[in-house]
Amino acid sequence: MQHTRNILLFALALLLAVACDQPRLNLDVAVIPREVINFTEINSTHDDFNSAGPIFFAGDNFTLIFSSNRNSNGTEFDLVSYQCYVYYDQVNISFDIWPDPWNYPVIDSMNSTYNEWGPYLTFDILDYYYQMGSLPDTARLFFSSDREGDQDIYYCYYSPDGKPLSQQITDEISGLNTEYAEGYLCLHPDTLTNMETCYFTSDRTGNFDIYKATGEANKRIETSGTLQVTRMDILSGVADDKCPYIVNDMMVFTSNRDGGYGGFDLWYSVFNDGSWSAPVNFGPEINSQFDEYRPVIISVQPDMFLNDMLIFSSNRPGGKGGFDLYYTGMDKRGIYK
Amino acid sequence: MKSIFVSFLVFIIAAAGLPLKAQESSDNRTAYSISAGATVPYSDFANSTFTWRSGFAKTGINLDATIIRYGRRKIFGVYAGTGYAHLFFNEKRYLAEYERIFADEGTMTVSTGGYHFLKAEAGFLIRTIAILDTRLILQAGLGYTLCRHPNLSAVNSYWGVVNTVNSDLDLQLSGRAGFRVEHTIDEYTGIHLSFHVFGCKPDFRDREGYREHTFYLPVRTQNINLGLTRYF
Numbered sequence: 004m005q006h007t008r009n010i011l012l013f014a015l016a017l018l019l020a021v022a023c024d025q026p027r028l029n030l031d032v033a034v035i036p037r038e039v040i041n042f043t044e045i046n047s048t049h050d051d052f053n054s055a056g057p058i059f060f061a062g063d064n065f066t067l068i069f070s071s072n073r074n075s076n077g078t079e080f081d082l083v084s085y086q087c088y089v090y091y092d093q094v095n096i097s098f099d100i101w102p103d104p105w106n107y108p109v110i111d112s113m114n115s116t117y118n119e120w121g122p123y124l125t126f127d128i129l130d131y132y133y134q135m136g137s138l139p140d141t142a143r144l145f146f147s148s149d150r151e152g153d154q155d156i157y158y159c160y161y162s163p164d165g166k167p168l169s170q171q172i173t174d175e176i177s178g179l180n181t182e183y184a185e186g187y188l189c190l191h192p193d194t195l196t197n198m199e200t201c202y203f204t205s206d207r208t209g210n211f212d213i214y215k216a217t218g219e220a221n222k223r224i225e226t227s228g229t230l231q232v233t234r235m236d237i238l239s240g241v242a243d244d245k246c247p248y249i250v251n252d253m254m255v256f257t258s259n260r261d262g263g264y265g266g267f268d269l270w271y272s273v274f275n276d277g278s279w280s281a282p283v284n285f286g287p288e289i290n291s292q293f294d295e296y297r298p299v300i301i302s303v304q305p306d307m308f309l310n311d312m313l314i315f316s317s318n319r320p321g322g323k324g325g326f327d328l329y330y331t332g333m334d335k336r337g338i339y340k
Numbered sequence: 349m350k351s352i353f354v355s356f357l358v359f360i361i362a363a364a365g366l367p368l369k370a371q372e373s374s375d376n377r378t379a380y381s382i383s384a385g386a387t388v389p390y391s392d393f394a395n396s397t398f399t400w401r402s403g404f405a406k407t408g409i410n411l412d413a414t415i416i417r418y419g420r421r422k423i424f425g426v427y428a429g430t431g432y433a434h435l436f437f438n439e440k441r442y443l444a445e446y447e448r449i450f451a452d453e454g455t456m457t458v459s460t461g462g463y464h465f466l467k468a469e470a471g472f473l474i475r476t477i478a479i480l481d482t483r484l485i486l487q488a489g490l491g492y493t494l495c496r497h498p499n500l501s502a503v504n505s506y507w508g509v510v511n512t513v514n515s516d517l518d519l520q521l522s523g524r525a526g527f528r529v530e531h532t533i534d535e536y537t538g539i540h541l542s543f544h545v546f547g548c549k550p551d552f553r554d555r556e557g558y559r560e561h562t563f564y565l566p567v568r569t570q571n572i573n574l575g576l577t578r579y580f
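Chains A and B, in that order, are what the protein sequence lines are. Quick note: the first sequence, position 112, residue 115 per our numbering, numbers continuous. Quick note: the second sequence, position 191, residue 539 per our numbering, numbers continuous.
Among these hints, one or two may not hold up.
Some chain B residues close to chain A (C-beta under 8 Å, calculated; not the full set) [what the hints assert, rightly or not]:
{"hint": "1", "residue": "R401"}
{"hint": "2", "residue": "H561"}
{"hint": "3", "residue": "Q570"}
It is worth saying that the hints were derived from the structure and are not from the lab. Quick reminder that beta carbons are idealized off the backbone N, C-alpha and C, glycines included.
Chain A extracted, bound-state conformation (with noise of 0.2 Å):
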């Protein structure tokens, strides 16, 4: 009997082997296509926009969380999370994303009746989830919301099953929240001196500008003592300039300053000899006349993508409704080093 097990399980190996010839490859690496598409299996009719992904991607799947008004028909915002599959084709040269609606209980535990915008993960909770290993204490998930009458940031740990660590939920971070609104952190870490630079949005002087705050050295943003938040000038004009997201030294935001397409659109900035240089528009074949919103770019393993992609949201026509996700490729070079 055991003898026929194994000449079955033999042969069945054997037959899988054969079925899993592989047909001759026409790229080394795949490709992200250039052109902008609509993500239409996560749009709704509503406002899906403010999303945050992976910072850096190995895999197959990603996680991705947006804000979104739908599940309150249009009266306010959530964080609502997917997983992402992501298919690509080294033949034909093809390239596309399956997500599948993922409610991460971290996710679902930071919505309130009041608005949660502009998540952002330091580490990609699907990388754990199914592994339920070590996460690093560094693990964090930032949001913003105005459920104590302001627009505040807000963090919380979370477990590697995605679970939210109890009573950590908090707005205390010294010196980044005041009286205006705050959102839309974002972290820039600086593996020689061990500090944690963050970057997020304000509009204590009048209009939306981007700000800086360096931690203490050994120490997260959040316990950290008071902080000294510095605006960064080169980035934030006259107009208003936010969603700044950052990945390796290169920083992506919205602003709606002088030299765009219309509204607000999508600049970045590159990090170099300890300077941003100043915010170059990233042209009319990402931007429109309508309004581009809170980039996101999801960095992919040199040698497996030969470029990078890059998630934002318009209210451009053609989407679904009100604010839409939008996902292209974006040049990689210049980002790693």
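Fit chain B to the known structure of chain A by using the hints.
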């Protein structure tokens, strides 16, 4: 279609049993044959779009040499032979496919080589009746073929090198079947026109890229040859 095939088979068997005209005065049952001609790829091997098994092969040339030994009545025979084929790679279509994919992104350049096949095989033949010193000889055989995949490279002026496949060798079982029409010139010499289909399925390694992997390419060709047969 089936009735045509059955009729053809009956004709062949009947014809094979009839007395032979040419060379019947001779006992020379051994012959060697050499031929050369065109090798035309077909099916996936000739496909020149980015699909799962496309080979981008173009018509090439082949050389063939066999030694034949007929039975006493020179109806059935066996043969052993070797052959070489070179097929060109459809570089123009290969480039066009990349240009289609990277429509507005940089300029594409590709470099390709050709497929090479060196085979050794053995098989059998059936000779039919000669009409006007011309007869049909059916032939089928099996053997092994050493296949060489060409170097391929695709470079985009914007992205850099987007694909590299280094040449690789593989020895695989192969087979061919077909016929030749042989015209007898004299007691010892004949010329023939032959048509064969050839197939094998080599595995090649692609060591470049994200995942090193082995791919197989179903090689399918039609060979149309002109040759000389010498009996001795």
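Hints, one by one, checked against the model:
Against a cut-off of 8 Å between C-beta atoms, the interface hint on R401 of chain B holds, since the closest Cβ of chain A lies about 6 Å away. The criterion of a C-beta within 8 Å of any C-beta in chain A is met by H561 of chain B, whose closest approach is roughly 5 Å, and the hint holds. The beta carbon of Q570 of chain B comes no nearer than 22 Å to any beta carbon in chain A, farther than 8 Å, and the hint placing it at the interface is violated.
Hint 3 alone, counting from the list given before, is not met by this structure.
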